[in-house]
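Could you put together the complete structure from these sequences and hints?
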Amino acid sequence: MTDSGRRDKVPGFQRSKAQRSQQPVANRRLRRRYAAERRFQWYGRLAMLLGVAVLAFLVLTVFSSGHSAFVRHQIGVVVFFDTDALGITAQSPSEALEQAEYLVLLRKNIFKMFPQVRKRRDRKQLLGLISSNSGGELRDLVVSNPAVLGTKQQVWVTASSNVDQILKGNAPREIAEQHRLLNDKQLKWLDRLAGEGRVRTRFNPYFFTRGDSRAPEMAGIWGAMLGSFWALLVCLLLSFPLGVAAAVYLEEFAPKNGWSELIEVNINNLAAVPSIIFGLLGLAVFLNFFGVPRGTPLVGGMVLSLMTLPTIIITCRSALKAVPPSIREAAMGMGASPMQVVLHHVLPLALPGTLTGVIIGLARALGETAPLLMIGMFAFVVDLPEGLLDSATALPVQIYLWAESSERGYVELTAAGIMVILGFMIVMNSVAMYFRKRFERRW
Amino acid sequence: MTIFLLTALLLTLFSAYSLGQSKARSIALTQGRLHSLPSHYGGYVAIWCGVPLVLLLLLWWLGEPLVLKALVLDSFGERIQEMSPGRLGMLYAEVRNTASGISGFQSSDPEVLAAAKAYQHYAQRSQWIQVAVFVLVALGGLAFGWQRIRRDFRARQSVERAFNVFLILSSLIAVLTTVGIVVSLVFESLRFFELVPLQDFIFGLKWYPQIAIREDQAASAGAFGALPVFGGTLLISFVALCVAGPIGLFSAIYFAEYADRRVRTVVKPALEILAGIPTVVYGFFAALTVAPWVREFGIKLGFETSAQSALAAGLVMGVMIIPFVSSLSDDVINAVPQTLRDGSLALGATQSETIKQVVLPAALPGIVGAFLLAISRAIGETMIVVMAAGLNAKLTLNPLENVTTVTVQMVVSLIGDQEFDDPKTLSAFALGLMLFCVTLMLNVIAVQVVKRYREKYD
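Protein chains in written order, with the working numbering: chain A, 436 to 878; chain B, 5 to 462.
Just to be clear, a hint being listed does not mean it is correct.
With a Cα cut of at most 27 Å, we get these calculated DSSO-like pairs of lysine-lysine [claimed, not checked]:
1. B/Lys-455 / B/Lys-272
2. A/Lys-559 / A/Lys-587
3. A/Lys-603 / A/Lys-559
4. A/Lys-691 / A/Lys-623
5. A/Lys-559 / A/Lys-623
6. A/Lys-756 / B/Lys-455
7. A/Lys-872 / B/Lys-272
8. A/Lys-691 / B/Lys-455
9. A/Lys-547 / A/Lys-559
If you anchor each label on the Cβ, the simulated ranges turn out as follows [claimed, not checked]:
10. B/Val-267 / A/Asn-692: 44 to 52 Å
11. A/Leu-697 / B/Phe-242: 30 to 38 Å
12. A/Glu-821 / B/Ala-12: 33 to 41 Å
13. A/Asp-818 / B/Ile-303: 43 to 51 Å
14. B/Asn-168 / A/Ile-762: 14 to 22 Å
15. A/Met-769 / B/Leu-70: 32 to 40 Å
These aren't lab readings, by the way, just hints derived from the structure by calculation.
The structure presented is a predicted model; accordingly, all values stated were derived computationally and were not measured.
We put the CB at the ideal spot given by N, CA and C, even for glycine.
Here's what the structure looks like:
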C-alpha cells in the first residue's frame, strides 16, 4: 500500500480507482494473448518439423529395408568337375562347354556333402538352400576357366532367396515352422554349413548387371535402368529441340494476339494434366492410331516428351526473357536479321537456364510410372533392352513390379531400386543446381 | 531399315548442305559478293532435300501398313466378307507372324500360308520402291536447290522463312497434344457410351467391370456406375487434404512470417523435396509401412479396418501434396502488402493476431487456389492408390474401409489384355475423360481465384 501511495504522488501516475481495479484483468488478457502468440508459433514450427520428419522417416525406411539387397549370401559347395558326367573336356568347343548339364552336377555334389539325406522329399528341400540358377554360375566358371575340369574345387554358389532373407534377418527365424521361410531340417543343414565356414556374405553384382528374374536372388535393376535410359534419350531428343523452338517462337516472334495467348494457356494447362491421362493419349494415338510398337522405350519416350515439353517451354521462355534487350539491339544494329539475332546471340545466352529446366524435366520424367503402365512398358523383361524397339520396363515400373510381388525377397529389391532411383534424382537435380549457379548471369 | 534410311537422310542432308555451300563459294570467287552467306545457300539446298524426304518417310511409315493390310486381306476373297474387324485383325496378325517366322506362330492354314507369302512379297517390293523413291526425291531436291543458287538469289530470306515455319509448328505441338487428349478421350468414350448408357455411368451405384465368360452367368453385362469410384477418389483426396491442409498452411505461415533466413533456406527446399519424390516411392511406403500401422491402430481401437484402407493411402498422399499447399500459400502470404501488417501491429495486435485477422483474410483467395490445385493433384494421383488402396468400389464415408479410385480402375482395366470393343477397356477412357474435365475445371477455377486476388492490391 505504501508503494502505490508513493507512486500516486509522482505526476503522471495518477490513476482513478476504476483503472486500478482493471489492471489485473488487462494483464491477464495480455498474458493470454501472448500465450496464444507462442502457441501459434509452435503450431507453425510443429507443422514444418512434421513435414521434414516424415521425409526423413521415409528415406530411413527405404534405406533400412533396402541396404541389404546390395549383398548376398553364398554357399560353398565342393564340386568335382567330373569330365565324364559333364561329357566335356577342357579342349571341347565353347559351345559344348556352355550346353553341359551343370545343375545336375551341382546337385550330385551337394548330395555327396549330405550323405545322410536320402529321402526324395528331403533332397528336394536340401536343394532349396541354393539358388535355382546356380547351374549358370558353374557354367560361367567353367567357360571362363576350362582348366577346372577334372579337378575338385570349392565353388561359391548363390544361396536361395529364402536362405538369404533368414540370414539377413529380414525374415524372422524364431517363429513356428509353418510360417517360416525355411523348415527345421533346412535350418539344421544351414547351421551345419555355417559351422563349417561354408556360408559367406559378398557384394551382390547381379543387382547391378541383370534384368528382372523370377528368382529374387538373381533379379537385377540394370535392365530397367537401360529401359529408362533409352526412354529418356528419346524424350530428350524430342522435347529439347521442340521445346526450345516453341519457346523461341512464343517469346521472340509470336504476335501478341489471341492465338498466342491460346497457346500459352494451353501449355500452362498441359502442365497440370494428370500423368495418367498422357498414358491414355499414348495408348489411343501412338499405339492404336500410329502403330508404334507397344511396350518399347520409343513410345515411352514419346509420351514422356509430351509431359516434359511444358516444363522446358516455360523455363526456356523465362531464360529468354532474362536476356537484356541491349544484346538484341546491339546485334540488330550490326545488321543481323531477327532470326540471326535470336539464333546467334539471344539463344546461346539463354541456353544454360534452359538446360536447368531440361534436366529437372527429365528427372521428373524418370520418376513417372502411370503413363508407362498404360502403354505396356509393364512386363516381365529378363533380357536387357538393346535399343529403342526392344520391349523394356523402366526404373519406376520395375520398382512397382517388385512391390507387387509377394515373395519376401522382393521387398529389399524394391527398396534398393528406390535407392537407385532417388540417387539418380539427387544427381540430376544437383547438376541442374550447379548449372544454375555456374552460368547464372546478372546483367 | 529405319536406321538405314535415317542414316541415309542425315548423309544426304550433310552432302546437300556442303554442295550448296561450295557452289555459293565458287560463285562468290568468280562473280563477286553474294546476297547471303554461303551457309544460307547450303541450308537452302539442304531444306529442299530434307523436307520432302522427311515427308516421304512419314508417309511410308503411316501408309505402308495400311496398304499392305488391304493387299494381303484382298487375297482371302470371299472368306473375310462377313468377318468382324476384330477377327480380321487377328487373322492379319496371324499372317504377319507366319511371314516373319516367329517360332510358335506358324499357321497350318494353307490360305494363311499363301497370304504370308504374298505379305513377304509385297513387303519386299515396298522396301525397294521406298529406296527408289527416296533416291529420286533426294536427287530432285538437290537439283532444284542447286540450280536456284545465283549471285543475287536471296537465300537467307527463304531459309529464315522455313525456320520460322518450323518454330510455329513446334509451338503448335502443345495445342496438338491438348487436341489429341480431348479427341482420343471423347472418341473412345463415345464408343463406351454406345455400350453403356451415359446416365447409368454417371448416376449408377454399382461398379462391376468384370465381364462374364458365359452369357448366362450372373451380372454378365457388368455394371458401370461411376459414383462409387468417384466417391472413393473424393474420400481419399479428403483425407489427403486433412493432412496437407493444416501442415502445409501452418508451415507456409511460419516460413513467411516467423522463420529467419537460415531456417527458410534449409527447411523450405527440404519440404519441396516431398513433391519431387517419385510416386511409386510413396506407394511403397504406404503399402509397406503405413497401411499395417493404420490397420493395427484401427483394430486396437476396436474398429473393423481393411488392410488397404482409404486412410493409409490418403495419409501418404497428403504428405505428397504438402509442398503444393505450402509453397503456393507461402507465395500468396508474401504477396500481401507489408503496410497491412504494419497497420495492424501499430494498433497493438500481436503477430499471430495480425496473421489471423489481417494477413490470412487478405491472402484467402490465393490459399483457396492453392488448396484447389492440391486437390486436383490428389485426384489425378495414380501410383499411391494403385499400390495402397483397394479394388472394392463402395460408396462409403468410413476411411477405414477399402475403396477404389478413378485412377486405380483406369490402370486395372488397361493392364493386361486390351480389347477395344469391350466396355471394360473402354471404361478407362470414360473415366479418363471425367478425370480430365474435373482436374481442368479445378485448375481453371484456381487460376481465376488467384488472378482476381492479385488485381486487388497491385
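Query raised in the report: Checked against the structure, which of the hints given earlier come out wrong?
Result: 4, 12, 15
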